[in-house]
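So you can see what is in the structure, the chains are spelled out below.
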Amino acid sequence: AQRVTQPEKLLSVFKGAPVELKCNYSYSGSPELFWYVQYSRQRLQLLLRHISRESIKGFTADLNKGETSFHLKKPFAQEEDSAMYYCALHASGSRLTFGEGTQLTVNP
Amino acid sequence: EAGVAQSPRYKIIEKRQSVAFWCNPISGHATLYWYQQILGQGPKLLIQFQNNGVVDDSQLPKDRFSAERLKGVDSTLKIQPAKLEDSAVYLCASSFWTGMNTEAFFGQGTRLTVV
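Protein sequences, first through last, are from chains A and B. Going by the numbering used here, the first sequence opens with residue 1, and the numbers climb by one from there. Going by the numbering used here, the second sequence opens with residue 1001, and the numbers climb by one from there.
Next up, chain B with everything else stripped away, as it sits in the complex (with noise of 0.2 Å):
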């Protein structure tokens, strides 16, 4: 089965410019999450989604961060104006659910470099 895919897979920007990620989970999976991973240190969940609707955002900065799942699929993520301190690998992943035992599916993540 096809994977989890993400586009684009590097973009570098200016501080204060404006960015948006994509991402396309594996077909059937209700459960979408971004996280952000900064080098050097674990994943970090910015939002979950159950279909379109958000499930946690608790650590999303929002003044700067949002994100949209339309139609429970796909997904973008969008900074703006993006900081110096937004680089770092933006991952996307999928599950089938949130219930018990679940797997999350990773793409290959987009590398940010904010300059």
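So here's chain A without its partners, still in its complex pose (with noise of 0.2 Å):
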């Protein structure tokens, strides 16, 4: 069974300090890993995906599949980056589990 964990509910920075949003997941293939982000009153909406190893909006994730991990990074968080952030396995031709999801907020 796949599963995904993020272990921080909430996370609060200052505005131009680092961020990290941790994400484990176990599974037992080959997982597509993604970040899911949901600001006040919207859609959730996808982040990124770890396959197309890109930078969306400073944000980065890397798969590390000897940690099982797949924590999203930014270097200088933004006040417009607070949301909510989902972590989320897709196993082909299978469902798409998310993690509990983790709330950012970043102070002025």
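Think of the hints as simulated: they come from the structure by calculation, not from any bench. Treat the numbers as computed from the prediction; the structure is a model and nothing was measured. Even for Gly, the Cβ is constructed at its ideal location relative to N, Cα and C. Mixed in with the good hints there might be a few duds.
Said to hold, decoys possible - Quick partial rundown of chain B residues pointing at chain A, CB under 7 Å, derived from the structure:
1. G1042
2. D1056
3. D1057
To be verified - Calculated from the model, a selection of chain B residues having no Cβ within reach of chain A, i.e. all distances over 12 Å:
4. G1028
5. T1076
6. P1081
7. E1085
Take the two lone chains and join them into the complex the hints point to.
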């Protein structure tokens, strides 16, 4: 069975500080990992996916198969980054499983 | 392009009543998902359709929940009878397919309150 764990429900940082949102997963096959974000009063939307190895809005995430982690990082947080972040795992042909989410608050 | 549409946005019902939610996915998307999101938790998959066939309904409480996707386009999710613990946001999402690198597009959700 696949499982996604986000150990921090709440994370608060100051503007300009680095931020890291943790995500660990368990899955026996080759996973696809994603980060989804939900800004206030908006719908849940894709932020980035591991397979693209891209940087979106300054965020990056590296898949570490040895540690089964997919942490989301940004070197300098901005106030507009305040949102709910969900790590998600997709097994090909199977379900898209979400973690419990981390509420990020970036203080001025 | 138009996004995933859901209705209603809000619904308040008494326990033991019935309720139905409607979802219209993005045109051309073969895969449709229904998620339940209880306050403070992540979305939990209830059912996943591929066209009009069910791919995964292992977490759907089948004694009270049902869903259908006739003609492989729109979908309805029904709860009968509702319980207090069904209070949640019900999210519909769609994706082009279930293969590699698939992005799921979400609707605004229906917030259900059971009193």
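For each hint, the structure was consulted:
With a least beta-carbon distance of about 4 Å to chain A, the hint placing G1042 of chain B at the interface is held under the 7 Å criterion. With its C-beta approaching chain A no nearer than about 5 Å, D1056 of chain B sits inside the 7 Å limit, and its interface hint holds. Given hint, D1057 of chain B at the interface with chain A, is violated; its Cβ is 10 Å from that chain's nearest Cβ, farther than 7 Å. For G1028 of chain B, the non-interface assignment is confirmed: its Cβ lies about 18 Å from the closest Cβ of chain A, beyond the 12 Å cut-off.
Its beta-carbon lying about 20 Å from the closest one in chain A, T1076 of chain B satisfies the requirement of being farther than 12 Å from that chain. No beta-carbon of chain A is positioned within 12 Å of the beta-carbon of P1081 of chain B; the least distance is around 27 Å. Interface exclusion of E1085 of chain B from chain A stands, the closest Cβ pair being 17 Å apart, more than 12 Å.
The structure is inconsistent with hint 3 alone, although it conforms to all the rest.
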